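Take the sequences, apply the hints, and build the full model.
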Amino acid sequence: MAFELHEVLDTVRMTESEYFDIRAVTLGLSLLDCASTLPQTVCARVYDKVRRLAGRYVAIAEGVEQRYGVRIANKRISVTPVTLVAGGLQEADYVRLATILDAAAADVGVDFLAGFSALIERGMTRGDERYLAALPEALAATRHVCASVNCASTQAGINGDAVLRLAEVLLKTARLTSEQDSIGCTRLVAFCNAVATNPFIAGAFHDANGPDAVVHVGISGPGVVLRAVRETGPEASFNAVSEAIKRVSFKITRAGELIGRHVAEQLSREAGVPVSFGVVDLSLAPTPEEEDSVGAVLQAMGLDDIGAPGTTAALALLTESVKKGGVMAASRVGGLSGAFVPVAEDQYLRRAVERGHLSLEKLEAMTAVCSVGLDMIAVPGNTPKETLAGIMLDEFAIGMMNGKTTACRLIPVHGKTAGDHVEWGGLLGRAPVLPVSAVSGKTFVCRGGSIPPPLHSLRN
Amino acid sequence: MDIRRLVDHVADALGADASEERVEKIAAAILEANRDNRSSGDQVIITVYGYDKPGILAAITQVVFEAGCNITDVTQQVLGSYFTMIMIADLSGARQSLAELQSALTRTGERVGVRIIAQHQELFARIHRP
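Read top to bottom, the protein sequences are chains Y and X.
Take any residue in the first sequence, count from 1 to its spot, add 1356: that is its number in the working numbering.
Take any residue in the second sequence, count from 1 to its spot, add 1217: that is its number in the working numbering.
Please note: incorrect hints may appear among the correct ones.
Said to hold, decoys possible - In silico SDA-like links for lysine to any residue, alpha-carbon gap of 20 angstroms or less: (1) X/K1242 with X/D1229; (2) Y/K1680 with Y/S1598; (3) Y/K1602 with X/I1344; (4) Y/K1602 with Y/R1688; (5) Y/K1680 with X/R1346; (6) Y/K1680 with Y/P1665; (7) Y/K1680 with X/P1347; (8) Y/K1741 with Y/S1796; (9) Y/K1602 with X/A1342; (10) Y/K1798 with Y/P1736; (11) Y/K1718 with Y/P1665; (12) Y/K1405 with Y/D1458; (13) X/K1270 with X/V1295; (14) Y/K1718 with Y/I1754; (15) Y/K1405 with Y/E1621; (16) Y/K1602 with X/Y1268; (17) Y/K1718 with Y/N1758; (18) Y/K1405 with Y/P1567; (19) Y/K1718 with Y/L1790; (20) Y/K1602 with X/H1345; (21) X/K1270 with X/V1329; (22) Y/K1741 with Y/R1531; (23) Y/K1602 with X/R1346; (24) Y/K1405 with Y/A1415; (25) Y/K1680 with X/H1345; (26) Y/K1680 with Y/A1600; (27) Y/K1680 with X/I1344.
I should point out that these hints are in silico values taken from the structure, not numbers from a laboratory.
Since we're looking at a predicted model, the values are computed, not measured.
Structure (structure tokens):
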């Protein structure tokens, strides 16, 4: 037989019972050729382009799922940051553009379309300012559109004005979507060192320097890694745990690349335009399914609960091992390639927060070792904007100083206080509202200007 | 394929009937067959598991035959009352698409009470081969 019996059974066991899937296939589309000073022209071109290039995308991805018997959990689209093609638009036009993108996403059958974004780490144009002014209403008026704002980078430093402005945007979005527990904020990410090849929602956007269309893939979720870690047993050394994770990461990355390439090739044929394969993102992204949890992997390593001393080290061990196994398996690795610790979307993390074992401050420490950021964290609706901005500044300082991506997806849930629960349903899950520090850093946060980049940004 | 292992395996299987000439002839035939299999990358790996009962193999073989696929390898194990089978079928001369074969196999599995998973071999090749 071309394959050993155990090889076949091992793969079948992964696909049948261990949540082995492809977590994200994201089609990146360039909108640069949609630019115009006339809002109705921008909207018409954008709608037409998404429909034309992505019309068969979901059907093709479903065909590839069936061919290999591997589920693609999320089929999504990212577009060029809209501020790069709609800089001349007025505030109301941005809202209209968001609803057009929303309609296009619904028409082609994807649940999320990301890239309603701005890159403002070095400063804001007047178009960026109009975009930010329109953002709360744009998020409130749509269901599928995801926004992200890059406020900082290792090269540019942190745009403090943008961070404070974004805190205001968050609070207004929370208020406008208060009937659904401020769900608009679940589709808004603030970044330091945003990555254009990231296939994961809500922070994906298409690279302005990229081709017309590209397919990026996010590897399987934590379920298969959990099995590998559990099988090592409590006596195994750190090295043995790392080896076990590397082996499974190699396999899931190989499968991810195969499926991504196949989707890109077929879409190229059917859409009649070149669709290239981009990168495999080696991030572990959990879902609200019980065993599909990054927290469960950390606990399986031997922590009584997440938040115990050792948690940050365990996360470092996990993310490094996933990367080392995956990087040998794929020809192009990129995106975020970290681990997500979204409290609302991960049952083990959520329960650790509810038990009081995992705090916002511990989550912040975890993001320093290559988890991607403070993700899907509900905070009280009456959190002052300066406190929200301070949390973001801290998170971005970690990213800026360490040359890595960090992000904040904070949801100041309107009308809720610490200890309350919110329920967004589906992939977004449910979350306890975390307390935030009552100590104010208002004077510091409101100084304005930029925090300069670190010395190591001068590499030449 | 490890030729030494193959030769040992053939010699063991022939037992008292093994002669140098016969072992060489059979091993060469197996290698040739494998070369043929490799030449067509368009293969499906069908995995079947469930409680054992008469007629499982026959039912699945019938579906694969009707699709016009050539069965290139089968291995099965019965442990107690539990049945596991792996079959490799060549799709290169098939009358049906892989999707149609998969649907037919799923229906057959539901009828005879076993789980049947049919996946294109590229998945296994990517995961288990450099």
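Each hint, compared with the structure:
no.	hint	verdict
1	X/K1242 with X/D1229	holds, 15 angstroms
2	Y/K1680 with Y/S1598	holds, 9 angstroms
3	Y/K1602 with X/I1344	holds, 13 angstroms
4	Y/K1602 with Y/R1688	holds, 17 angstroms
5	Y/K1680 with X/R1346	holds, 18 angstroms
6	Y/K1680 with Y/P1665	violated, 25 angstroms
7	Y/K1680 with X/P1347	holds, 16 angstroms
8	Y/K1741 with Y/S1796	holds, 11 angstroms
9	Y/K1602 with X/A1342	holds, 18 angstroms
10	Y/K1798 with Y/P1736	holds, 17 angstroms
11	Y/K1718 with Y/P1665	holds, 10 angstroms
12	Y/K1405 with Y/D1458	holds, 13 angstroms
13	X/K1270 with X/V1295	holds, 10 angstroms
14	Y/K1718 with Y/I1754	holds, 13 angstroms
15	Y/K1405 with Y/E1621	holds, 19 angstroms
16	Y/K1602 with X/Y1268	violated, 35 angstroms
17	Y/K1718 with Y/N1758	holds, 18 angstroms
18	Y/K1405 with Y/P1567	holds, 14 angstroms
19	Y/K1718 with Y/L1790	holds, 12 angstroms
20	Y/K1602 with X/H1345	holds, 14 angstroms
21	X/K1270 with X/V1329	holds, 9 angstroms
22	Y/K1741 with Y/R1531	holds, 13 angstroms
23	Y/K1602 with X/R1346	holds, 16 angstroms
24	Y/K1405 with Y/A1415	holds, 18 angstroms
25	Y/K1680 with X/H1345	holds, 17 angstroms
26	Y/K1680 with Y/A1600	holds, 11 angstroms
27	Y/K1680 with X/I1344	holds, 16 angstroms
Hint violations for this structure: numbers 6, 16, all remaining hints satisfied.
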